[in-house]
Amino acid sequence: MMAMRRFTGAAIRACSSSSSSGYFARHLHASSGESKKIVGVFYKANEYASKNPNFLGCVENSLGIRNWLESQGHQYIVTDDKEGLDCELEKHIPDLHVLISTPFHPAYVTAERIKKAKNLQLLLTAGIGSDHIDLQAAAAAGLTVAEVTGSNVVSVAEDELMRILILMRNFVPGYNQVVNGEWNVAGIAYRAYDLEGKTIGTVGAGRIGKLLLQRLKPFGCNLLYHDRLQMEPELEKEIGANYVENLNEMLPKCDVVVLNMPLTEKTRGMFNKEMIAKMKKGVLIVNNARGAIMDRQAVVEAMESGQIGGYSGDVWDPQPAPKDHPWRYMPNQAMTPHISGTTMDAQIRYAAGTKDMLEKYFKGEDFPAQNYIVKDGVIAPQYM
Amino acid sequence: MAMRRVIRASCVSSSSAGYLARQFHASSGDSKKIVGVFYKANDYASKNPNFLGCVENALGIRSWLESQGHHYIVTDDKEGPNCELEKHIPDLHVLISTPFHPAYVTAERIKKAKNLQLLLTAGIGSDHIDLQAAAAAGLTVAEVTGSNVVSVAEDELMRILILMRNFVPGYNQVVNGEWNVAGIAYRAYDLEGKTVGTVGAGRIGKLLLQRLKPFGCNLLYHDRLQMGPEMENETGAKYVESLDEMLPKCDVVVVNTPLTEKTRGMFNKEMIGKMKKGVLIVNNARGAIMDRQAVVEAVESGHIGGYSGDVWDPQPAPKDHPWRYMPNQAMTPHISGTTIDAQLRYAAGTKDMLEKYFKGEDFPAQNYIVKDGELAPQYR
Numbered sequence: 001m002m003a004m005r006r007f008t009g010a011a012i013r014a015c016s017s018s019s020s021s022g023y024f025a026r027h028l029h030a031s032s033g034e035s036k037k038i039v040g041v042f043y044k045a046n047e048y049a050s051k052n053p054n055f056l057g058c059v060e061n062s063l064g065i066r067n068w069l070e071s072q073g074h075q076y077i078v079t080d081d082k083e084g085l086d087c088e089l090e091k092h093i094p095d096l097h098v099l100i101s102t103p104f105h106p107a108y109v110t111a112e113r114i115k116k117a118k119n120l121q122l123l124l125t126a127g128i129g130s131d132h133i134d135l136q137a138a139a140a141a142g143l144t145v146a147e148v149t150g151s152n153v154v155s156v157a158e159d160e161l162m163r164i165l166i167l168m169r170n171f172v173p174g175y176n177q178v179v180n181g182e183w184n185v186a187g188i189a190y191r192a193y194d195l196e197g198k199t200i201g202t203v204g205a206g207r208i209g210k211l212l213l214q215r216l217k218p219f220g221c222n223l224l225y226h227d228r229l230q231m232e233p234e235l236e237k238e239i240g241a242n243y244v245e246n247l248n249e250m251l252p253k254c255d256v257v258v259l260n261m262p263l264t265e266k267t268r269g270m271f272n273k274e275m276i277a278k279m280k281k282g283v284l285i286v287n288n289a290r291g292a293i294m295d296r297q298a299v300v301e302a303m304e305s306g307q308i309g310g311y312s313g314d315v316w317d318p319q320p321a322p323k324d325h326p327w328r329y330m331p332n333q334a335m336t337p338h339i340s341g342t343t344m345d346a347q348i349r350y351a352a353g354t355k356d357m358l359e360k361y362f363k364g365e366d367f368p369a370q371n372y373i374v375k376d377g378v379i380a381p382q383y384m
Numbered sequence: 001m002a003m004r005r006v007i008r009a010s011c012v013s014s015s016s017a018g019y020l021a022r023q024f025h026a027s028s029g030d031s032k033k034i035v036g037v038f039y040k041a042n043d044y045a046s047k048n049p050n051f052l053g054c055v056e057n058a059l060g061i062r063s064w065l066e067s068q069g070h071h072y073i074v075t076d077d078k079e080g081p082n083c084e085l086e087k088h089i090p091d092l093h094v095l096i097s098t099p100f101h102p103a104y105v106t107a108e109r110i111k112k113a114k115n116l117q118l119l120l121t122a123g124i125g126s127d128h129i130d131l132q133a134a135a136a137a138g139l140t141v142a143e144v145t146g147s148n149v150v151s152v153a154e155d156e157l158m159r160i161l162i163l164m165r166n167f168v169p170g171y172n173q174v175v176n177g178e179w180n181v182a183g184i185a186y187r188a189y190d191l192e193g194k195t196v197g198t199v200g201a202g203r204i205g206k207l208l209l210q211r212l213k214p215f216g217c218n219l220l221y222h223d224r225l226q227m228g229p230e231m232e233n234e235t236g237a238k239y240v241e242s243l244d245e246m247l248p249k250c251d252v253v254v255v256n257t258p259l260t261e262k263t264r265g266m267f268n269k270e271m272i273g274k275m276k277k278g279v280l281i282v283n284n285a286r287g288a289i290m291d292r293q294a295v296v297e298a299v300e301s302g303h304i305g306g307y308s309g310d311v312w313d314p315q316p317a318p319k320d321h322p323w324r325y326m327p328n329q330a331m332t333p334h335i336s337g338t339t340i341d342a343q344l345r346y347a348a349g350t351k352d353m354l355e356k357y358f359k360g361e362d363f364p365a366q367n368y369i370v371k372d373g374e375l376a377p378q379y380r
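Here the protein sequences come in this chain order: A and B.
Residue numbers for the first sequence, in UniProt numbering: 1 to 384.
Residue numbers for the second sequence, in UniProt numbering: 1 to 380.
Source of the hints: derived by calculation from the structure; they are not laboratory data.
Listed next, the in silico SDA-like pairs over lysine to any residue satisfying Cα-Cα at most 20 angstroms (straight line):
(1) B:47 / A:183
(2) A:217 / B:231
(3) A:51 / B:169
(4) A:253 / A:222
(5) A:281 / A:305
(6) B:213 / A:220
(7) B:238 / B:192
(8) A:198 / A:253
(9) A:36 / A:78
(10) A:51 / B:327
(11) B:319 / A:173
(12) B:371 / B:136
(13) A:51 / B:302
(14) B:194 / B:302
(15) A:51 / B:303
(16) B:40 / A:184
(17) A:198 / B:50
(18) A:44 / B:179
(19) B:213 / A:240
(20) B:359 / B:67
(21) A:44 / A:90
(22) B:356 / B:60
(23) A:217 / A:197
(24) A:363 / A:376
(25) B:319 / A:182
(26) A:323 / B:180
(27) B:269 / B:242
(28) B:277 / B:294
(29) B:319 / A:176
(30) A:44 / B:178
(31) A:278 / A:296
(32) B:114 / B:372
(33) B:213 / A:207
(34) A:51 / B:179
(35) A:217 / B:218
(36) B:277 / A:50
(37) A:323 / B:169
(38) A:91 / A:110
(39) B:276 / A:53
(40) B:213 / B:227
Bound-form chain A, shown alone (with noise of 0.2 angstroms):
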């Protein structure tokens, strides 16, 4: 049935478009009638997901699509297992035509697995940053990428700013007076300031930026921002932030660091000793955009030395993060593991965006342009 099939798929291949350019297209649409393996790799949620019906987005409640796509004849195999050569999702990868994950619970999509994946045609991520996926080897390959673009913009700005404050007025550390029946008012106090009147530096500036930026106005900092690309001026005057050519003349200036870029390979390990070095003492970083752009240890030697003067962020590399994870016990952290996507509110939004690229898939029609990350080998440009 396999060999047939690779057979069949190898002859329709050989009819696929010009636009193949010498690589092996995996015919991406669905033949209508055709039935297809779904597997889709969440975060379990156990006693947890009966307690919220809106809580699409783990293994038990599987973006709520499982009687859609079972009632169109297709099979959808869910689970959490994703580590290793004797894990359920390495079990399916050779057949699955769709492979559906989440940066919150990342399968690793190696050059490996891909290989191995004789089937696959789809890789979809549900949320935003496919940078779990080997982009070059599924761009080489012939598969699609897309991700539900926008889906928790607003969740992620959110939790940012939240962070942002969390570091400036130095929450923690209040928090755990309080739960070790401590009353120290000045051990605080001495390290905690108001936003209002510092300089916030945003390192990327798409669409979490922006609506961090937005939401930062009214406090009457002075706002920065470094990206590939400037925005309009009507924007720009609208958001109240200034724009800086040069990252290497925005970070000295910086009270606060946030994050706001993919993980890309020339984003991995771009804040190392160096760059952090270039920021102010004492500087606050926000990154709930990808572990694996801060140099792991750099980051730990920094605190430790208060170069960095207080670390926020949601993500980890890898994840997710083993309990011996550095980052857990550095001093003046206020790490939390992965969340700041997967809001109840992000979830629903996320799970009917994957529904609607899979509806499509099905029919044969394009997704909305600003989904793809991978298409007819072509990588989307902020991941080159």
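Dock chain B against chain A, hints included.
Structure of chain B alone, referenced to chain A:
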């Protein structure tokens, strides 16, 4: 001491309206005894030269006061009949205190304080003083109005997000070596689209509403007074005249009223019962506005979904205060108005009022809480 009291009695002006009016302004050249009650910083005092608000740095006014011949005593020891503060009550002229470590100025203490003329709050909120007794005794009570309103508003918005987005359980997982996204996500929400109501929309309430505006919430406010239409437009908030009508609509309730005889214990079981089940409450106003036990029970039953604030009754909060240990809380000690930035402002404002006091000048009008036997309207 007896001589001074006789002179004072004979100088009572007609506005004294039958009570003993202590001559308010220092005669020029008079050396005054000024006592400041602040929190101790210990090792933290030297870590930041701008850390003015602690005992050690004494608002940064020691040299200034002493060079003018005044006597300046600073202590954190304020509780009980044998404390340091009590020793100075009989002869001090001015008592400075802060809401973060308040000197409770009771009617008894006022009676004992024969030289007392002026009570200054370095910060905002003067409920730690028996204002009726102060008014009856002809004292002036003033605070540094506006000194930390931005500080408190920022802090309230932070707490709204902390509760709505369920930050604390996430942080606790991290430090406990755990990773369970679902255990946080199942009750984590975006603020966007939610209904936020502020009970009280004075300086702090307005600043909070302005900061909330870009979040795309449904903003409501209740206050003794309605804002002008321009301000309502600027904040994007709608007035609800009846508090009972506003409360059931709110996903988040923020308390922004002073503690007065009217507001003490206002949020009791009945009032909490009017709110939505699972409501999130932020209270950086005063602990005693809430009925302490009613909050504990509501948080335990889930009627209150989350409670966050920096104010307690009393302060410092004792080790066994139940709010420390109830579920779904994001409490801190009283810190929101004593950031380094705020300290600089309230220290400057306090110094300014002392200067005016020495010169016999009036303070900025909005600073008065008790003047000439009258309480400011928000405290009546």
